[in-house]
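Peer 1: Given next are the chains, with one letter for each unit.
There are 2 protein chains.
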Amino acid sequence: MQGKILRFEGGAAIVSAASIVGKYEYEGPLGDCFDLHDLTEKFGMKTWEKAESEMQRLAFNTALAKASASERRVGALFAGDLLNQCVGSSYGLLDFDVPYFGLYGACSTAIEGLTLAAATVSAGFFDTAGVVTSSHYCSAERQYRTPLEYGSQRSPTAQWTVTGSGAFLVRREGKARIVEALPGIVVEKGINDASNMGAAMAPAAADTLLRYFRHGSHTPEEFDLIVTGDLGWEGGDILCDLLHAEGLDIASRYNDCGMMIYDRERQDMHAGGSGCGCSAVVLASHLLPRIERGELRNILILGTGAMMSPSSIQQGEAIPAVAHLVRLCHEKYAKGE
Amino acid sequence: MQGKILRFEGGAAIVSAASIVGKYEYEGPLGDCFDLHDLTEKFGMKTWEKAESEMQRLAFNTALAKASASERRVGALFAGDLLNQCVGSSYGLLDFDVPYFGLYGACSTAIEGLTLAAATVSAGFFDTAGVVTSSHYCSAERQYRTPLEYGSQRSPTAQWTVTGSGAFLVRREGKARIVEALPGIVVEKGINDASNMGAAMAPAAADTLLRYFRHGSHTPEEFDLIVTGDLGWEGGDILCDLLHAEGLDIASRYNDCGMMIYDRERQDMHAGGSGCGCSAVVLASHLLPRIERGELRNILILGTGAMMSPSSIQQGEAIPAVAHLVRLCHEKYAKGE
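Protein chains in written order, with the numbering used here: chain Y, 1 to 337; chain L, 1 to 337.
Isolated chain Y, as found in the complex:
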C-alpha cells in the first residue's frame, strides 16, 4: 500500500475543543452544542473576512479557557481556512504569541491539522499543540462564487459553506485519544462541476477508507461511527456506493458532518454543509463530547477537501480532492489496543 497508517505511540489526545458558529448552524439540529454564536454573523466586525478571523480568535481563546491553559503552554498552532492566502487564520491568530504552521487542505484542514498536531505532540516536540480552522458563508460566497448581493441561484448539488470555527488542543494524555491517522492522497476523477463538490471528494474518501481497511487490521464493524466532513447528502451517497462496489459496507454506521449540521427538511441548505469550519465545529461540539462520555468508543473521521480554485475551474480543470483520516477512541477503549 502507498501511505502508511500512522500510530501515535507516544500518546495523543484532544483535551479541549471549542466551536463558534453563525445563524444557520445555531438554528440547526446541533444548535445547543456550540459554545458561541452570533445571529448577525459579523462578530462585531465590519467585513466578512474580519468576522471569520474573529471567529478563529474566539475559538482558540475558548479552547484555552476550557482547558484552563495559557497560550504559553501551546508549542504550535496548525491553522487554516478557505480564504485566499489563508488570511482567516493569519489575521485571526495574530493576537497569540504562539508558533504558527499555516495549512491549506480545503475542508480537510481540521483533520490534516489534528494529524500533524498528534504526530508532533506524540513525538515530544510540543507539550500542547493547537488546531484552528474556519469558514464563513459570506466570505466564501464572494470569493468562490458571487457576492451575496448578486442573489444567484444555487444548484441542488451545491453545498452550503458553514459559518463556523473550531479549535482543538492536543496533548499526550486525555479522554479522547487520537490513536491512528492515515494521510490522504490527492485524487482526481474527472469531476469539474464546482457546484458538486461532494461528487469530486467522494472518490478521495473512498481511496483513504479502502487503504485503511485493506491494509490495517480493522473492519467497519469495529467502529461506532464512520464520519466524513464534508461530503453532504450528494457525496455521502456516492461514497457508500463506491465502497459497496468494492465490497465494503459502511452505510449503517456512516454519517457526514455536512449532513449533521443542518436539518434537511426544515433548512434549505441543498446538499448539506461544507467548509473548513464544518467538520471542525461538528467534531468539537457534538462528536467529541460523545466520545468523552463514552457514548462513542471508537470512530473514524475523514476530512475531505476539494483542492481546486476559482481560476482552475475557469480554466476547465477537473477538481482534485484529498481525504485525511483520523481514528478517535475513548481512552478506556484505546488502552485495550
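These are computed hints drawn from the structure, not numbers from a lab. Quick caveat: nothing in here was measured; it's all calculated off a predicted structure. Ideal Cβ placement from N, Cα and C applies to all residues, glycine included. Please note that a few of the clues may not be correct.
What the hints assert, rightly or not - Chain Y regions said to be covered by chain L (calculated; three or more residues, Cβ under 8 Å):
1. 97–103
2. 160–167
3. 247–255
4. 273–282
5. 311–318
Fit chain L to the known structure of chain Y by using the hints.
Peer 2: Chain L alone, transformed into the frame defined by chain Y:
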C-alpha cells in the same frame, strides 16, 4: 521564551534536491546551478498556472531521480505555493501516489515544509518525506497585482516573484543534516504597503533570530552563513538594523536568497527576488551543494512569509509575517554537537 527550538534527535537530512527555474533566474548569478529551465517560462503548458504546476511535477520528479528513489518510498509530501487555494501544488503533484499535506506559509513555505518533514522523519513516521514549493512571476502578478498586459509600473521597493520550483527529499541520514528548527510566530508591525514586503517581513525574521540566539546556546559567529528567504535588499537592510539595535550583529555573515538569485546591477529586479520558489531553488541549487561539499559547515536559513491577501490589503489591513528557521550542518560538523 515562547516557542521551543526543535531538535531532531532521531536524525534528519536533506538527501536530494532539485530546482526548476524560468528565464531571469537562469540569466542570474546562479544560472548554471539550476537543474532545468525554460526560457519561455511556459514549460509546455497553455496557462501560467499550469506552467507553475508543471514546475512542481518536474522538481519532485528530478529530486526522486537524483536519489534513485521511487515515489513509493516517500511517505508524505509537504507542499505549497502562492496561488489561491495552493493549486500550483495540488495539480502539480497529482501524478504522484503519495500522501499530501498542503501548507500555506507564503514565501516561508519551503522552510515550514522542511521543519515538518524533519520532525516527522526524525520521529519515525516516514522513511522519506518530500517538500515541494513553487512560485511563478506571471501567475503571481495577475493574482496579486495586475495582469502582465497592463504593463504597470513597479515600485523600487517591490520584489520580483521568482519563477521557480524547488523539491527536497528528507531522510534520517545524509550529508546535509537538519539539526534544529525554530518555528516562526506571526508578527505584524503596521506595514501596509504591499509593494514593500521586505519591510513587513523583516520584523518576523528579527523576532525568530532574537528568540534563537537569546534562548539557544549559539552565537552568530558559529555560523558560516545566516540567510533569509526572501527579504530582498530592502528587507535585508532593515533586518540587520533591527538586530543591531538589539545588540546582535549578523551583517558580516548575512545574505538573502532574494539578493543572491538576481544580479542587482545587470538585472532590473528592484528590491530582489521573492516567492515560495525563491528560497527553495537557492537552497536546492546553491546552498545545499556547498554544505554537501563542506564549504558551508553550519548555516541558519529563515523562510520569511508575508501572510496577507489582495483582499486584506484592499480592506486596509497591515501585513502579518512569519519567519521559520532551520539550522543545516554538514554531517561531520553535526556529529560534534
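Peer 1: Compare the structure with each hint and give your call.
Peer 2: Evaluation of the provided hints:
Coverage of the region 97–103 of chain Y by chain L holds. Counting CB-CB distances below 8 Å, 7 residues qualify, and the rule asks for three or more. Counting residues of the region 160–167 of chain Y whose C-beta lies closer than 8 Å to any C-beta of chain L gives 0; at least three are required, and the coverage claim is violated. Given as covered by chain L, the region 247–255 of chain Y fails the check, having 0 residues with a CB less than 8 Å from a CB of that chain where 3 are the minimum. Look at the region 273–282 of chain Y against chain L: 0 of its residues bring a Cβ nearer than 8 Å to a Cβ of that chain, fewer than three, so the hint is violated.
Taking a C-beta to C-beta cut-off of 8 Å, the region 311–318 of chain Y contributes 4 residues in contact with chain L, enough for the three needed, and the coverage statement holds.
Checked against the numbered hints listed earlier, the structure breaks hints 2, 3 and 4; every other hint is satisfied.
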